[in-house]
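Whenever a hint applies, use it, and build me the whole structure from the sequences.
There are 2 protein chains.
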Amino acid sequence: MTLNELGEFGFIGRIATSAGSGGGVVLGIGDDAAAVIPTPGLQTLVTADMLVEGVHFDLAFTPPFELGRKSLAVNLSDIAAMGGIPRFALLSLAIPPGLSLEILDPFIAGFTSRAKEHGVTLIGGDTCSSRSGFVISVTLMGEQEPERIVRRSGAGGGDLLYVTGFVGDSALGLALLRQGERVGAAITRHLDPIPRTAAGVALAAKGMATAMIDVSDGTLADLGHLLKLSGCGARLFLDRLPLSPEYLWRVPELKDDFFSRALSGGEDYELLFTAPAEREEEIAALAASLNLPMTVIGEISRAPGLIIISPDGSSHIPASRGFDHFAR
Amino acid sequence: MTLNELGEFGFIGRIATSAGSGGGVVLGIGDDAAAVIPTPGLQTLVTADMLVEGVHFDLAFTPPFELGRKSLAVNLSDIAAMGGIPRFALLSLAIPPGLSLEILDPFIAGFTSRAKEHGVTLIGGDTCSSRSGFVISVTLMGEQEPERIVRRSGAGGGDLLYVTGFVGDSALGLALLRQGERVGAAITRHLDPIPRTAAGVALAAKGMATAMIDVSDGTLADLGHLLKLSGCGARLFLDRLPLSPEYLWRVPELKDDFFSRALSGGEDYELLFTAPAEREEEIAALAASLNLPMTVIGEISRAPGLIIISPDGSSHIPASRGFDHFAR
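Protein chains in written order, with the working numbering: chain A, 1 to 328; chain B, 1 to 328.
Just so you know, these hints were derived from the structure itself, not from any lab. Just so it is clear, the structure is predicted and the values come from calculations on it, not from any experiment. Incorrect hints may have been included.
Now the stretches of chain A that chain B is said to cover, found in silico as 3 or more residues with beta-carbon under 8 Å [claimed, not checked]:
1. 27 to 34
2. 127 to 134
Not close to chain A: a few residues of chain B, all C-beta gaps over 10 Å, as computed [claimed, not checked]:
3. Leu59
4. Asp105
5. Arg240
6. Asp257
Counterexamples of contact, computed for chain B against chain A with all Cβ distances above 12 Å [stated by the list, open to error]:
7. Phe65
8. Glu102
9. Gln179
10. Leu238
11. Lys255
12. Glu278
13. Glu282
14. Thr295
15. Val296
All C-beta atoms in this analysis are idealised placements derived from N, C-alpha and C, irrespective of residue type, glycine included.
See below:
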């Protein structure tokens, strides 16, 4: 069956069938708007991200199931970076005429599989035709107690700077995909990033993180956002950046600077956060319990400015920091 | 200044400056997610709509200020159709390289002007580049008391069928725009539709409407959605359709059926609702107080099926009902 034969409302019905049903949903897909019950006493967190064909993904090497998972994952990562518990998603799609149900069905299956893993219910959205590329727009709502929500602005002088997992793998994976490779750990990290929901919620619940952001634009760029809003500076130690075995093995054969992907690559969807030095042991215990590395990569300074310390002890101030959608 | 020179974060900063600040916003634009305080006891309503260049609008004859207003209006209309009070919006934009700030600045100004008129605060979204057309994705959150929310599914046999305002003007306006005209009441209705927020809230607050939907796909199509979810049928009287002076004057010179735009045109963003016959006087009083016509155009029948009664008294069952994004 083609999308033409199925029709707009047939396709919406197919999505609604796989949307699942979670607590708090009064009205899901099928009315003018969805209706949900906010948990008393909690604040509502909400974030939106767009993924555009030819900008964020290339269907030539992006399997649709993973694309569906990633479309939600990038939003789950934003809610995690606030320490929030994700709850309800809306999915809007602009679909070019040539895109078949053989792509759309696994895309929806991927989206809903990621949703189920994080307790998220798909409650609405929009579908329409596109004269150009495939465009995906996702809105995700979450919740948290007011005093537990972690902002970008709370870092203080003397705090340690942490990052979860590995950085740079997503950019490495993209480079390998563009070279024609199709399998490997870094490629999986690029196509199907893992949102750090459990880590974000735990860091918030225990009041460990003073400031937090997810690494979407690149470690330096996102650190820059956090420092700007916190009114602080930082020293970042290159030799402490958590690099995966594949990064250590494959990056030297690529021709650019060894650290560039870890610093500016983006799309790792790890959590970059700050915490007082006295919480170091607690954070180590949390990292062990979640089986997720949380590595100290630097320290926050009261004075503004970001200084990068190289493995040889020399220091420099970085010029460009990361991805800007409108830069030339 | 160009968008390239301003950069992604400069542009976001410019949007944030004009976003306004409303009650209930803890964190607006600038963190990983926005945080808002739900009003205790109310349910949260949420809807999302996409507007795609070349599908929903043509920049050749769509002024960007009006496009900004319409991008929010189509979502305001969805919240109004639930009887909800609109509160918080998220705006995501995929921007092609050629789109200048001379278009984007009035677009944002239009969006925020419509937001202020309806008490809505812009709290987040996303901006990215597009390889093809301009794509606008808006999410709107609203609120209402659980027992006041009006669904599509509540119509009952014997209810009267109402529509607010005029139908068919938006489709007429689009036809006139495509013919090269640039001014007139129908053109204004197409470019800058008026969401019926006050009417929707009042109909909900006083428990008048048993079912409600907004007219976005066309009167017949949206009536079909309402009837399907209510498990009812209806008789619709063509000679009761509220047609504007411009419709009566201009449509005869166009070559298609006189009623086709009023029945299938779409994008009027009027409210189509049902109410028990005994509320007729109250609804007339509400219409007078809002200075907004609320016209009885038919009646709900217990038996499924939609029957159209022509001015000469003959009846027929309509075949096709309205716009399907994926129909051939």
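Each hint, compared with the structure:
With 6 residues bearing a CB less than 8 Å from a CB of chain B, the region 27 to 34 of chain A meets the requirement of three and the coverage assertion stands. Chain B is given as covering the region 127 to 134 of chain A, and this holds because 7 residues of the stretch bring a CB closer than 8 Å to a CB of that chain, at least three being needed. Chain A leaves Leu59/B outside its interface by the beta-carbon criterion, the shortest separation being 12 Å against a cut-off of 10 Å. The Cβ of Asp105/B lies farther than 10 Å from every Cβ of chain A, with a closest approach of about 14 Å, so its non-interface assignment holds.
Taking the minimum C-beta to C-beta distance to chain A, about 24 Å, the non-interface status of Arg240/B holds against the 10 Å cut. The Cβ of Asp257/B lies farther than 10 Å from every Cβ of chain A, with a closest approach of about 23 Å, so its non-interface assignment holds. No beta-carbon of chain A is positioned within 12 Å of the beta-carbon of Phe65/B; the least distance is around 21 Å. Separation of Glu102/B from chain A is adequate, the least Cβ-Cβ distance of about 15 Å exceeding the 12 Å criterion.
Chain A leaves Gln179/B outside its interface by the beta-carbon criterion, the shortest separation being 22 Å against a cut-off of 12 Å. Annotated as non-interface, Leu238/B keeps its C-beta farther than 12 Å from every C-beta of chain A; the closest such distance is 25 Å. A cut-off of 12 Å between C-beta atoms confirms that Lys255/B is not in contact with chain A; the least separation is 26 Å. At the 12 Å boundary, the C-beta of Glu278/B stays outside the reach of chain A, the nearest C-beta of that chain being 25 Å off.
At roughly 23 Å from the closest C-beta of chain A, the C-beta of Glu282/B stays outside 12 Å, upholding its exclusion from the interface. For Thr295/B, the requirement that its beta carbon stay farther than 12 Å from each beta carbon of chain A is met, with the minimum near 20 Å. The claim that Val296/B is not at the interface with chain A holds, since no C-beta of that chain comes within 12 Å of its own (minimum 21 Å).
Hint check: no violations occur; every hint is consistent with the structure.
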